[in-house]
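Asker: Let chain A serve as the given structure and place chain B on it in line with the hints.
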Amino acid sequence: MKARTLPLSPLAVTWLGLAAATAVLAQTSGELAKALDARWLTKLPRELRLPLKDEISAFMKWLVEEANFGLFTFTDLTRGIAWLLAQPYELAKGLLVGGFVQGLGDEAVQLLPPLSWAAVIFVVAALGHYAKSLRLAVFVGLCFLYLALFGQWQSAMVTLASILIAVPLGVAGGLLLGIAGYRWPWFDRLLTPVLDLMQTVPVFAYLVPILFLFGFGPVSALVATLVYAMPPMVRITTLALRGVPSEVREFGVMVGCTSRQMTWRIMVPSAMPGLMVGVNQVIMLSLNMVIIASMIGAGGLGYDVLTSLRRLDIGGGLEAGVAIVVLAIALDRLSQAFVKRPPPEHGEGPLSFVMRHPYALTALGVILVTGLLGLVWPFLQSYPAAAQFTTGPFWENLVRSINVNFFDQLEAVKTFMLLNLLIPVKRFLLGVPWPWFILLVTLAGWQLGRWKLALLCLLLSAFILVNGLWEDAMVTLYLCGVSVLIAAAIGIPVGVLAAQNARAGRVIGGVIDTLQTLPSFVYLIPVVMLFRVGDFSAMIAVVLYALAPAVRYTAHGIRSIDPQLIEAGTVSGCTRWQLLWRIKLPLALPEIMLGVNQTIMLALSMLVITALVGTRDLGQEVYVALTKADTGRGIVAGVSVAFIAIIADRLIAAGAARARARLGLVAQGAH
Amino acid sequence: MRAHLKTRLGAGLGAGVALALALGAADTALAEVESKDPIKLTLHDWTGQLITTKLMGSVLTKAGYNVEYVQADYIAQFAGLKTGDLHVAMEIWETTGREAMDEATATGNVENLGETGMQAVEEWWYPAYMKEKCPGLPNWEALNDCAEAFSTPETAPKGRYLGGPVTWGGFDDERVEALELDYEVVHAGTDAALFAELESAYQRQAPVLLWVYAPHWAPIKYEGEWVEFPEYTPECYADASWGSNPDMAYDCAKPRGPIWKVSWAGVKDKWPGAHSAIKAFQVSNEEMGAMVAAVDLDGKDLDAVVADWIAKNEATWSQWVSN
Chain A
1 MKARTLPLSP LAVTWLGLAA ATAVLAQTSG ELAKALDARW LTKLPRELRL PLKDEISAFM
61 KWLVEEANFG LFTFTDLTRG IAWLLAQPYE LAKGLLVGGF VQGLGDEAVQ LLPPLSWAAV
121 IFVVAALGHY AKSLRLAVFV GLCFLYLALF GQWQSAMVTL ASILIAVPLG VAGGLLLGIA
181 GYRWPWFDRL LTPVLDLMQT VPVFAYLVPI LFLFGFGPVS ALVATLVYAM PPMVRITTLA
241 LRGVPSEVRE FGVMVGCTSR QMTWRIMVPS AMPGLMVGVN QVIMLSLNMV IIASMIGAGG
301 LGYDVLTSLR RLDIGGGLEA GVAIVVLAIA LDRLSQAFVK RPPPEHGEGP LSFVMRHPYA
361 LTALGVILVT GLLGLVWPFL QSYPAAAQFT TGPFWENLVR SINVNFFDQL EAVKTFMLLN
421 LLIPVKRFLL GVPWPWFILL VTLAGWQLGR WKLALLCLLL SAFILVNGLW EDAMVTLYLC
481 GVSVLIAAAI GIPVGVLAAQ NARAGRVIGG VIDTLQTLPS FVYLIPVVML FRVGDFSAMI
541 AVVLYALAPA VRYTAHGIRS IDPQLIEAGT VSGCTRWQLL WRIKLPLALP EIMLGVNQTI
601 MLALSMLVIT ALVGTRDLGQ EVYVALTKAD TGRGIVAGVS VAFIAIIADR LIAAGAARAR
661 ARLGLVAQGA H
Chain B
1 MRAHLKTRLG AGLGAGVALA LALGAADTAL AEVESKDPIK LTLHDWTGQL ITTKLMGSVL
61 TKAGYNVEYV QADYIAQFAG LKTGDLHVAM EIWETTGREA MDEATATGNV ENLGETGMQA
121 VEEWWYPAYM KEKCPGLPNW EALNDCAEAF STPETAPKGR YLGGPVTWGG FDDERVEALE
181 LDYEVVHAGT DAALFAELES AYQRQAPVLL WVYAPHWAPI KYEGEWVEFP EYTPECYADA
241 SWGSNPDMAY DCAKPRGPIW KVSWAGVKDK WPGAHSAIKA FQVSNEEMGA MVAAVDLDGK
301 DLDAVVADWI AKNEATWSQW VSN
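Those protein sequences? They're chains A and B, same order as listed. Counting in this note's numbering, the first sequence tops out at residue 671, every number present. Counting in this note's numbering, the second sequence tops out at residue 323, every number present.
Since the hints were made in silico from the structure, they are not lab data. It cannot be assumed that every hint is accurate.
[As the list claims (entries may be wrong)] Which chain B residues stay away from chain A? Per the calculated CB distances, all over 12 Å, these:
1. Gly-114
2. Glu-123
3. Ser-200
4. Ala-206
5. Pro-230
6. Ala-238
7. Ala-240
8. Trp-242
9. Ser-244
10. Met-248
11. Pro-272
12. Ser-276
13. Asp-296
[To be verified] In silico lysine to aspartate or glutamate, DMTMM-like type, Cα no more than 20 Å apart, as pairs:
14. A/Lys-426 - B/Glu-184
15. A/Lys-426 - B/Glu-154
16. B/Lys-158 - A/Glu-411
17. B/Lys-270 - B/Glu-103
18. B/Lys-36 - B/Glu-103
19. B/Lys-268 - B/Glu-123
20. A/Lys-628 - B/Glu-68
21. A/Lys-61 - B/Glu-34
22. A/Lys-61 - B/Glu-103
Heads up, the beta-carbon is just placed ideally off N, CA and C, and yes, glycines get one too.
Here chain A stands alone, though its shape is the one from the complex (with noise of 0.2 Å):
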């Protein structure tokens, strides 16, 4: 193999004319708009505007106000799925939290306490020596005495209820969908889109009109989650059912079954342990809102964190923060292992019903033991809080003692990156005139993906311009921007050392889980303290939690290169660096880009939660509008962003396949 010098490709010197084009324009715009006279090119006069929201403004009020089926109106539908959905979740807070209870107010006798703490973490532990082992039993066990120790039991339990309800229906609806989409290639079609929208609109841009439909209940979380959560099931589920090899199809079709027998007695049987990702996915996305449903009245874990820290207390944020990550951890484990578990032996003769259901039934009898025992001694019931830990004040203090001595070399770092990098970029981009943005992101879209990519970024794009936000959309690509660019910087050399080194892996890992599950709130508030209220600490918290795809595909990446290409690169003499630069980077390259766009999209999911610390872009804008319940406009900045991230992931995807399709070549010239 050897090294490839690059002579400027004819295409690679008109791309850096177009660049330096731009750079040029961005920097002299302002006098250029004012010498021709042409305020138009930096600002979209406001005629041009669509009135866009306002339209989805009214839609919604007819909707909520006067949409009627004859017998019933549009609300008392939602208001009857609210009510139904409200069931099964009172029921599942009563067993774990309230106990039930008759009556109102000061007349309200319990009848039944809910499930003891101690009982609780017994039923977990034995789910866990079921699916798997003894080890995973008391891991998963220690996961939940840390939420007894820490005292955050209650709290942990209310968020578990509408965990435990979030999920079968996210896995029922997004099964369903999936498999539909499977059977049907036009629905499929028809969804893709549509998925694209939920996985992509942020969340508070839908909690208005979600608010105004389902009313006054953690139900309105509850729908808010399944919307958030239910798309990678959905996804999955198609994926996995095209997956199920053709041999187990035919065998279905030689035995005669029916097309409902053949859906779930062979295909979606064949393609569990696909399924079981998404249930995965659905676990960890749901426990990945349990912030944003507290916001919305889901009480629970979120809500604390939300307390904690509007009160400035860092270390009741962080142990609340951690008992979520701690929560979806145990979850996750538990739900890896349901799907590793081989398959039940099927034993000689029928056994008795007590043999059968050695589980349920030991678990049934600690429930009635520990609850029959907790109405004599009370700490077997609720856990004493005498025996709570909190470790608040270390993290209180830590945080003040950085403050106090390092604030400014920290003001220094700081300084230095928004006058080198921030500011010039922000310059930039709100420099360069709408019009040759638009025409440089549809050339980019030919290039990679000719008329249908060119015609999808323009259309994308001028939506945008046309309902004003222009500038609020290059300021949020501009966080995000510098935020991916310095989340890659910082995540692909991990992913290299956590593929290299397998210790090192196992521990970045560790830390990669707990970035992505601990709620972007609990650092947040240590980070404006360090930091000051502006785009630096939004960008620092941005980054921390779009940086896991980066590590976890770099990775990936590197792991799954074929051993074969990299023992020929051994035995030609490479050393480890140029083994390193010239066969594992570049083939691993259409996975590292792949990373790259996952850090984008979750970086756009993120700068809605950094308006919280006062960014200017459209986050900003979809937080306004839920703080002002405006439906039209929070969706239509939300679409925005979405359409922002439809773009980038497009032109990436396509990037890739390119890049994969070459080194294919590259691969077969190796050899």
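Answerer: Just chain B now, kept in the frame of chain A:
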């Protein structure tokens, strides 16, 4: 005045419900009440409001009513109050909720139950140690002399003023222009971010000038003062020629005003006794400030603080229910 929502960290929205049945001490009811249906009081996300609502709830419970607390958003709750999904909201700030409240009462479905006795204050605020660096304070005219002292590397030579979230409104950008202040207005996204910066600056005794409101724990925890701008009058906001700048409005302080109580209009007929008790409810800024501080600064349990007030002020609240 534009309505701006006090959306605190995370704020937002909300409706939802932490359906906390008031299982309070079951004193014998003072009187037979009109309806045993639960009266739904809304809870928001700041401590003072939680205390006010729990105080009212406890008093109503003592009077024999059933009370239910519902988590709801500050502005979005009006939709529920109009339909009767929700019944009572205990804190609508003149400064932030006036427009939404007027719009709701105009429909006839929501009733204004008068002042809570607390006065909302929102203004530019600085810690006491800044007075050494800027002796002319609290007079606003001193601000320009000290712009340098309040500056940060990004804003220098201008001073930096940390305003509330954009959604709170407040016309600070306009105020800076109208009063020709050499300051840059930076907006925090939430009040958590706002007070995180204050805490950070206070720990280092560093310069900071920001939006603080009361009743809140911050002016209790940190020693400091409000900047004194020319006093607010409605003309100042409406009429450009008023005040020191003949061409611009907003050349004055922010309005101060009462915190109101509102209810669903049906409360009056369904629970007349409760209706008059809520109308009679009064607490002062000082009392509320002390309770907020006990919860947020001393880390006491909110319900315990409320119970303590109820135990010590029986003479006061029994007046409300006896009417």
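Asker: Hints first: check each against the structure and report whether it holds.
Answerer: Here's how the hints hold up against the structure:
no. : hint                  : result
1   : Gly-114               : holds (25 Å)
2   : Glu-123               : holds (19 Å)
3   : Ser-200               : violated (4 Å)
4   : Ala-206               : violated (8 Å)
5   : Pro-230               : holds (28 Å)
6   : Ala-238               : holds (22 Å)
7   : Ala-240               : holds (23 Å)
8   : Trp-242               : holds (28 Å)
9   : Ser-244               : holds (29 Å)
10  : Met-248               : holds (23 Å)
11  : Pro-272               : holds (18 Å)
12  : Ser-276               : holds (20 Å)
13  : Asp-296               : violated (5 Å)
14  : A/Lys-426 - B/Glu-184 : holds (18 Å)
15  : A/Lys-426 - B/Glu-154 : holds (14 Å)
16  : B/Lys-158 - A/Glu-411 : holds (18 Å)
17  : B/Lys-270 - B/Glu-103 : violated (23 Å)
18  : B/Lys-36 - B/Glu-103  : violated (30 Å)
19  : B/Lys-268 - B/Glu-123 : violated (36 Å)
20  : A/Lys-628 - B/Glu-68  : violated (26 Å)
21  : A/Lys-61 - B/Glu-34   : violated (36 Å)
22  : A/Lys-61 - B/Glu-103  : holds (16 Å)
Violated hints, in rising order: 3, 4, 13, 17, 18, 19, 20 and 21; the structure is consistent with all others.
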